[in-house]
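J.: Sequence:
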Amino acid sequence: MSNILATVLRIMQYTFTKRLAETLVAHEYPALPVCIARPSIVTPAWREPLPGWVDNLNGPTGILVAGAKGVIRTMLCNGDYHAEVIPVDMAINGLIVIGYKIGSSQRKR
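Quick note: the sequence shown uses UniProt numbering, first residue 1, plus one each step.
Some hints here could point you the wrong way.
Just the calculated beta-carbon pair ranges, DEER-fashion [said to hold, decoys possible]:
hint, residue 1, residue 2, range
1, 64, 95, 36 to 44 Å
2, 48, 82, 23 to 31 Å
3, 72, 30, 43 to 51 Å
4, 82, 30, 32 to 40 Å
Keep in mind the hints are simulated off the structure, nothing from the lab. Note that CB positions come from ideal geometry on N, CA and C, so glycine has one too.
Turn these sequences into a full structure, and let the hints guide you.
T.: Spelled out as structure tokens, the structure:
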């Protein structure tokens, strides 16, 4: 039970601190043109700089490598769940566009 509670608390702390930072920026700097983006699970590149480019083994890439090497032989999964993933190049391009749109916007709060 303590292991489950520790996991739940860690997840809650992670999401809580992200929300806390967002709220702090919104309240302390209301005139600052800001957009906080939270990409979902980031996966290897779709096209840029090369298809499949990745520089770490975090997330789903690590699971795939571990499975390919035989380190992970089984994994309990729920087929009703669908992972929300985005290739790194699409996420970064989206963030660049968001920054441009916010920076070039004439609208004031």
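J.: Can you list which hints this structure breaks, lowest number first?
T.: 1
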